[in-house]
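Trainee: These are the residues of each chain, in order.
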Amino acid sequence: MDAFAIRLENFEGPLDLLLHLIKKNEVEITDIPMAQITAQYLAIIDAMQTLNLDVAGEFLLMAATLLHIKSRMLLPKTIDEEETEEEDDPRAELVRRLLEYQKYKEAAVEIDQRPQLERDLFARTRPEPELSEESESEFVAVSLFDLVQALAEVLRQSPEPVAHEVDVERLSVTERITQVLERLHGQESLAFKELFPPLAARSEVIVTFLAMLELVKMRLVRLMQNQRFGSIWLFPAVAAEDASEIDSQEESLGYC
Amino acid sequence: MDTADLKPLVEALIFAADGPVRLERLVEVIGLETEPVAVALAELERDYAAQRRGFFLQQVAGGYQLRTRPEYADDLRRFGRGRPFKLTRPALESLAIIAYRQPVTRAEVEYLRGVDSGSVIKTLLEKQLVRILGKKDVPGKPMIYGTTRQFLELFGLTDLSALPTLREFNELLPEQTLATEGIDVESPLLVEEDAVDLSAVPGEERHDEQS
Amino acid sequence: MDTADLKPLVEALIFAADGPVRLERLVEVIGLETEPVAVALAELERDYAAQRRGFFLQQVAGGYQLRTRPEYADDLRRFGRGRPFKLTRPALESLAIIAYRQPVTRAEVEYLRGVDSGSVIKTLLEKQLVRILGKKDVPGKPMIYGTTRQFLELFGLTDLSALPTLREFNELLPEQTLATEGIDVESPLLVEEDAVDLSAVPGEERHDEQS
Chain U
665 MDAFAIRLEN FEGPLDLLLH LIKKNEVEIT DIPMAQITAQ YLAIIDAMQT
715 LNLDVAGEFL LMAATLLHIK SRMLLPKTID EEETEEEDDP RAELVRRLLE
765 YQKYKEAAVE IDQRPQLERD LFARTRPEPE LSEESESEFV AVSLFDLVQA
815 LAEVLRQSPE PVAHEVDVER LSVTERITQV LERLHGQESL AFKELFPPLA
865 ARSEVIVTFL AMLELVKMRL VRLMQNQRFG SIWLFPAVAA EDASEIDSQE
915 ESLGYC
Chain L
127 MDTADLKPLV EALIFAADGP VRLERLVEVI GLETEPVAVA LAELERDYAA
177 QRRGFFLQQV AGGYQLRTRP EYADDLRRFG RGRPFKLTRP ALESLAIIAY
227 RQPVTRAEVE YLRGVDSGSV IKTLLEKQLV RILGKKDVPG KPMIYGTTRQ
277 FLELFGLTDL SALPTLREFN ELLPEQTLAT EGIDVESPLL VEEDAVDLSA
327 VPGEERHDEQ S
Chain E
127 MDTADLKPLV EALIFAADGP VRLERLVEVI GLETEPVAVA LAELERDYAA
177 QRRGFFLQQV AGGYQLRTRP EYADDLRRFG RGRPFKLTRP ALESLAIIAY
227 RQPVTRAEVE YLRGVDSGSV IKTLLEKQLV RILGKKDVPG KPMIYGTTRQ
277 FLELFGLTDL SALPTLREFN ELLPEQTLAT EGIDVESPLL VEEDAVDLSA
327 VPGEERHDEQ S
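First to last, the protein sequences are chains U, L and E.
Quick note, in the numbering used here, the first sequence goes up one by one and the last residue is 920.
Quick note, in the numbering used here, the second sequence goes up one by one and the last residue is 337.
Quick note, in the numbering used here, the third sequence goes up one by one and the last residue is 337.
Since the hints were made in silico from the structure, they are not lab data.
All C-beta atoms in this analysis are idealised placements derived from N, C-alpha and C, irrespective of residue type, glycine included.
Don't take each hint at face value.
These stretches of chain U come out as covered by chain L in the derived footprint (C-beta under 8 Å, 3 or more residues) [what the hints assert, rightly or not]: (1) 674-681; (2) 756-766; (3) 772-779.
Construct the complete structure from the given sequences, taking the supplied hints into account.
Mentor: Shown next as structure tokens:
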């Protein structure tokens, strides 16, 4: 057969390819001629490998399975085994899997043929102003996947944990607070990025960050972020006398 | 308030909503008994089916939503609407397996398809057609997946029992192709001509009972 | 195409549009002369005025738009208020951190997010998705936070161990590797037992789910 007429990427996987071969050979799925089908299957895989095309592991695994079934069918049967031929047919599991796979392949086609929203049917996209008045537009729906993804994104962007460095850097945090305040003096705002040179050492970023947190805690600085992942901006916050209230705050930032 | 007064109010609420609206929600907002609201809704649905209009009232995901008729899909696409989900064959197959067999693990999907399905499941999660239902109480505690409300909305299904019946085969079927190009204008509208059985307004999705 | 055919098509286009639709745009999409489209539009407008419906065809900003009738404004506002519970992106991020790293202080949340999170945590407390577990036994005695039973219900989790681990999440995403440094990817919970002063939570059990 012409192996080149078949392209592996046209098949979902080995089960799909096998279904195709069984159809093409017009044989019964419940009585697959293993030698014939296995030979054709292997010829296709070989052809692909000769062409240096990547053959996914699943296709190779199925090749091994087919060879195994074929060899088991060559073994002589005892009389007992013939009586229970149905269950002992080495092909039984493969046939079951093929029929099961075909069932869902068919169901996928049927589902796809249903009138689909935004393909065949259209609903309104613009909510009524009467409705949106009540809720902020930034609201998003949440799923468990969203939750994990949110965490993953935070972690991807966040610096490494520094729990053990805090004490070591205590002094320089205090120094850095003074420096930040000096930089901020007389300015309307300051980008967090501007607080250190490009390629600043990791410890320097951390110290600056801690200084910033301290300043927030002391209410000397407010932090704003443009958008979700926009850059962070520092704003000189309230009058100095407000800072005296800090001790009465029940919450602490935990960096003292 | 009689049915003639209720119908336009129900219609306004469904029109303004940003998704399918359940009967219970309509009853709650309108502040009347279920019965008159259900009657108004059923009449509205009948009106839409009988009149020649650009859109119709579809029962979907346990609620009601106005949607354009499928015969106008081409015009609407020309109009610039239409951001169809590009579902590939692997995605559709995995989605079908998850829809019919939920709650299902990734390993089960992969066994049935015979191929690694991690990235396909991730795509389905991102498109919010599939969600994590929790973990299976077996060694290794694998995650289990099920379909979402968005899945029902996308394919215009009232609930999971409205999925096409899975056929059991003992033989091979002729080759089928996916209807991803163009639309099937022949396909009937999903409007049920008979009066709606409102007592059957579906509850939650099937997996809730299974968990 | 006669007016009877054009009317539902024009209606479908206006229905699905993002904003008011001009006559010229309709003509362009439908691909006919201006005259028949204008006639269909005028008839549609007359129909809406004559029929008792929840919405009507309004001429605004040089175009046509379907709008709900003003007399239903109160009902619509009531409808909008009771919409399903949703979380903002910052709230979701903070909730994720608290869920996975509990017991956690506000400073830790802010450190990871890189932004002030006080008001977000307050919102989560108000929505009862997060609760105060006690105070951390370190200088300053900062409050420590954890998730609530309502959190589990919102995400359909039986207990905290049903949270997907980052490793499981990563396995679905072969093309990306996440910054999991310092995070125990095996376990969804990062409970530092010794760091928590449990005696500071009188009468309150910590999550039974954690044991």
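Trainee: State whether the coverage of the stretch 772-779 of chain U by chain L holds or is violated, taking the criterion as 3 or more residues with Cβ-Cβ distances under 8 Å.
Mentor: Coverage by chain L holds here, the residue count being 8 at a Cβ distance below 8 Å.
Trainee: Three residues minimum, CB to CB under 8 Å: does the stretch 674-681 of chain U make the cut for coverage by chain L? Let me know.
Mentor: Our answer is that it holds, as 5 residues pass the Cβ test (under 8 Å) against chain L, meeting three.
Trainee: Quick check: the stretch 756-766 of chain U, covered by chain L? Criterion 3+ residues, Cβ under 8 Å.
Mentor: Our answer is that it holds, as 5 residues pass the Cβ test (under 8 Å) against chain L, meeting three.
The structure agrees with every numbered hint stated previously.
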